[in-house]
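In order, the protein sequence lines correspond to chains A and B. Using the working numbering, you'd call the opening residue of the first sequence number 1 and step up by one each time. Using the working numbering, you'd call the opening residue of the second sequence number 1 and step up by one each time.
Note that these hints are calculated values from the structure, not bench results. We put the beta carbon where it would ideally sit given N, CA and C, even for glycine. Keep in mind that the hints are not guaranteed to be accurate.
Said to hold, decoys possible - Here are a few chain A residues that sit away from chain B, every Cβ distance over 10 Å (derived from the structure): (1) ASP27; (2) SER30; (3) GLU51; (4) LYS66; (5) HIS84; (6) ASP122; (7) MET125; (8) MET131; (9) ASP165; (10) PRO187; (11) GLY191; (12) MET193; (13) LYS197; (14) ALA223; (15) ARG233.
To be verified - Cβ-to-Cβ under 7 Å is the rule here; a few derived chain A residues that face chain B: (16) TYR186; (17) SER188; (18) LYS190; (19) ILE192; (20) PHE258.
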Amino acid sequence: MNIVVCVKQVPDSWAEKKLNPSDSTLDRDSVDAVMNELDEYAVEEALVLQEAHGGEVTILTMGPEKAGETIRKALSMGADKGVHVVDAGLHGSDAVATSAVLAKALGTLEWDLVIFGIESTDARMSVVPAMVAERLGSPQLSFATKVDVADSTVTIQRQTEYGFDTVEAKTPAVVSVVEKINEPRYPSFKGIMAAKKKPVTTLTLADLGLGADEVGLAGSWSAVDEFAARPPRQAGSVVKDEGDGGVKIAEYLAGQKFI
Amino acid sequence: MTSSVQRSLPTDEAHELLGLTRELATTELAPRAAADERAGRFPRAVFTTLGRAGLLGLPYPEEHGGGGQPFEVYLQVVEELAGAWLSVGLGVSVHTLACFPLAAYGTDAQRDQWLPGMLGGELLGAYCLSEPHSGSDAAALATRAVLDGDDYVVSGTKAWITHGGVADFYDLMVRTSDDRTRGITCLLAEAGTPGLSAAPPERKMGLTASVTAQVLLDGARVPAARRIGAEGQGFAIALAALDGGRLGIAACAVGLAQAALDAAVGYARERRQFGRPVAEHQGLTFLLADMATQVAAARALYLDAARLRDAGRPFGTAAAMAKLFATDAAMRVTTDAVQVLGGYGYVEDYQVERYLREAKLLQIVEGTNQIQRLVIGRALT
Chain A
1 MNIVVCVKQV PDSWAEKKLN PSDSTLDRDS VDAVMNELDE YAVEEALVLQ
51 EAHGGEVTIL TMGPEKAGET IRKALSMGAD KGVHVVDAGL HGSDAVATSA
101 VLAKALGTLE WDLVIFGIES TDARMSVVPA MVAERLGSPQ LSFATKVDVA
151 DSTVTIQRQT EYGFDTVEAK TPAVVSVVEK INEPRYPSFK GIMAAKKKPV
201 TTLTLADLGL GADEVGLAGS WSAVDEFAAR PPRQAGSVVK DEGDGGVKIA
251 EYLAGQKFI
Chain B
1 MTSSVQRSLP TDEAHELLGL TRELATTELA PRAAADERAG RFPRAVFTTL
51 GRAGLLGLPY PEEHGGGGQP FEVYLQVVEE LAGAWLSVGL GVSVHTLACF
101 PLAAYGTDAQ RDQWLPGMLG GELLGAYCLS EPHSGSDAAA LATRAVLDGD
151 DYVVSGTKAW ITHGGVADFY DLMVRTSDDR TRGITCLLAE AGTPGLSAAP
201 PERKMGLTAS VTAQVLLDGA RVPAARRIGA EGQGFAIALA ALDGGRLGIA
251 ACAVGLAQAA LDAAVGYARE RRQFGRPVAE HQGLTFLLAD MATQVAAARA
301 LYLDAARLRD AGRPFGTAAA MAKLFATDAA MRVTTDAVQV LGGYGYVEDY
351 QVERYLREAK LLQIVEGTNQ IQRLVIGRAL T
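Here chain A stands alone, though its shape is the one from the complex:
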């Protein structure tokens, strides 16, 4: 069974991020970049499925040249090869444009399953897996806490408020996984060394037959009109208990519409 895992390089979740004033996109040079943490669960799940069913695990990403680091990280965890869509024209792509690129790239690969993390920690929209599945005409099994594959049927459990749903589809299919599903492994020293020799193919927009107007800022359906820095945190208010502390706290909470 061949699996493609889509991963994204994101700014370190804990870092203070900035936007470029010129085009309202993220200033990637000002922060450390890491593999989207939620994608690590997708990589781990693919490796676990591979251990059980064989086949190849391919890592797919789109992003600037530096995003190749994220492919290497996944390869050092144990994936077999990488595909990197890199093109200056991709700059500023929103979720819709991203899904167009990933769907085209997936069209060049042979796979039974595509696995995504549930969302990226920078954009936090959780829509790309569904958009890609729609473009591919594949069934989508989203928000999985458990994935099983038997013959050509993939079955997932999806956590709900009342328990879980069991969702089933024929492969090829698109799955997104949540962080409860597993505990991602660390790369091993040997894995890091082996990753250097694993093949990574780069693709451009021209290779995928996409025009400049279909992707990037021009091809995005959403646009940032304006942005402002988050205001500094306000100093908290201190309630001094002079026998009426409870009442004052209640008044404060009522004023904030908490009670």
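Add chain B to chain A, keeping to what the hints say.
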């Protein structure tokens, strides 16, 4: 954490390895060190994680499942681990030492059979030389092994054994004849051997998460096929292993001292007295400068010894100097770190009081610092 250290490493591969080590130290070791030390909880799962990452056989050949790394690189990994959690750094050093007799003196068949398991990360080793009445005078050991058919029957008590009772294999230095030094033989025993057991762990003043216990041998039958080297070669094997082990302790000492220095510098920048950070008061600035210099000198000394070893040159004296200097430096630096933090340094909420208690052990283990001086002195005279 020792991420502030500018390291001199021989290869890109070594940089990657140190990067992985720092990630593991930050995410798997540092967050639980204080709590596990307080509870006296041995972190077996942490060693499994390090083993799967490939960190439990670094200075051994790749053909047997090792990392194929020079000592110069392996020791810097130990230093990083010890900086995050000394009990783990020391454990890795002891395990690596315990793999040495088989790796260096075993037959090809013995190595093929056992070394991959010992280096592969799932197993943990212990090295049993000392006895209750035989410490610095190691050749006075009295644990007896008598050949009976295809087995050695071993009886006696081994003392101060790191991983005693939790290890998967034990290097046993045992007496097979009355010749003081040429009557000692090395056996590689498996945990679970009938007659091999461990006493309750010692209650130490530091490194409480690292198990130290007596290993009791009561007619334990160890197959003669598990003898490493010739009968009577054990003392030479033990001393050769200790040369490398001493460098491991030196690296541990540097990691610990660096952690204490980092804590002291961090505190001295934040803490304000007389209207400015205490780090800017010259009395403390000079103290911090001396601490940093001690740490840097200790690191340079162990790396120099390691590079001699990697070049195949004699390094025993250099290793003794590195162990002596680095562990004495760690004692001074951790003591001064407590001084920098003042009252806060003496309470458990900050880690430096623990560092001070831990440093003391390093002046004692793998040859007391008096024995190191003896080794250095003998080479001079």
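Hints, one by one, checked against the model:
Every CB of chain B is more than 10 Å from the CB of A:ASP27 (nearest about 24 Å), matching its label as outside the interface. Distance to chain B confirms A:SER30 as a non-interface residue, since its nearest Cβ pair spans about 20 Å, more than 10 Å. Residue-level check passed: A:GLU51 sits 14 Å from the nearest beta carbon of chain B, beyond 10 Å. With a least CB separation of 16 Å from chain B, A:LYS66 remains clear of the 10 Å interface cut-off, as annotated.
For A:HIS84, the condition that its CB be more than 10 Å from all CB atoms of chain B holds, with the nearest at approximately 20 Å. With a least CB separation of 21 Å from chain B, A:ASP122 remains clear of the 10 Å interface cut-off, as annotated. Distance to chain B confirms A:MET125 as a non-interface residue, since its nearest Cβ pair spans about 27 Å, more than 10 Å. Against chain B, the non-interface label of A:MET131 holds: every CB pair exceeds 10 Å, the least being about 33 Å.
With 10 Å as the threshold on Cβ separation, the claim that A:ASP165 sits away from chain B holds: the shortest Cβ distance comes to roughly 33 Å. Not every CB of chain B lies more than 10 Å from the CB of A:PRO187, the least distance being 6 Å, so the non-interface label is violated. Consistency note on A:GLY191: stated as away from chain B, yet its beta-carbon is not over 10 Å from all of that chain's, at 8 Å minimum. A:MET193, annotated as away from the interface, has a beta carbon of chain B within 10 Å; the closest lies near 6 Å.
Distance to chain B confirms A:LYS197 as a non-interface residue, since its nearest Cβ pair spans about 12 Å, more than 10 Å. Distance check on A:ALA223: its Cβ is at least 38 Å (rounded) from any Cβ of chain B, clearing the 10 Å threshold; non-interface status holds. Every CB of chain B lies more than 10 Å from the CB of A:ARG233, the least distance being 20 Å, so the non-interface label holds. At about 5 Å, the closest approach between the beta carbon of A:TYR186 and any beta carbon in chain B falls short of 7 Å, and the interface hint on this residue holds.
A distance limit of 7 Å between C-beta atoms decides the matter here; for A:SER188 the minimum to chain B is near 5 Å, and the interface restraint holds. Because the beta carbon of A:LYS190 sits about 5 Å from the nearest beta carbon in chain B, less than 7 Å, this interface hint is met. Among the interface hints, the one on A:ILE192 holds; its C-beta lies about 5 Å from the nearest C-beta in chain B, closer than the 7 Å criterion. Proximity of A:PHE258 to chain B is violated relative to the hint, the smallest CB-CB distance being about 33 Å (cut-off 7 Å).
In summary, the structure is inconsistent with hints 10, 11, 12, 20 from the numbered list given earlier, while agreeing with the others.
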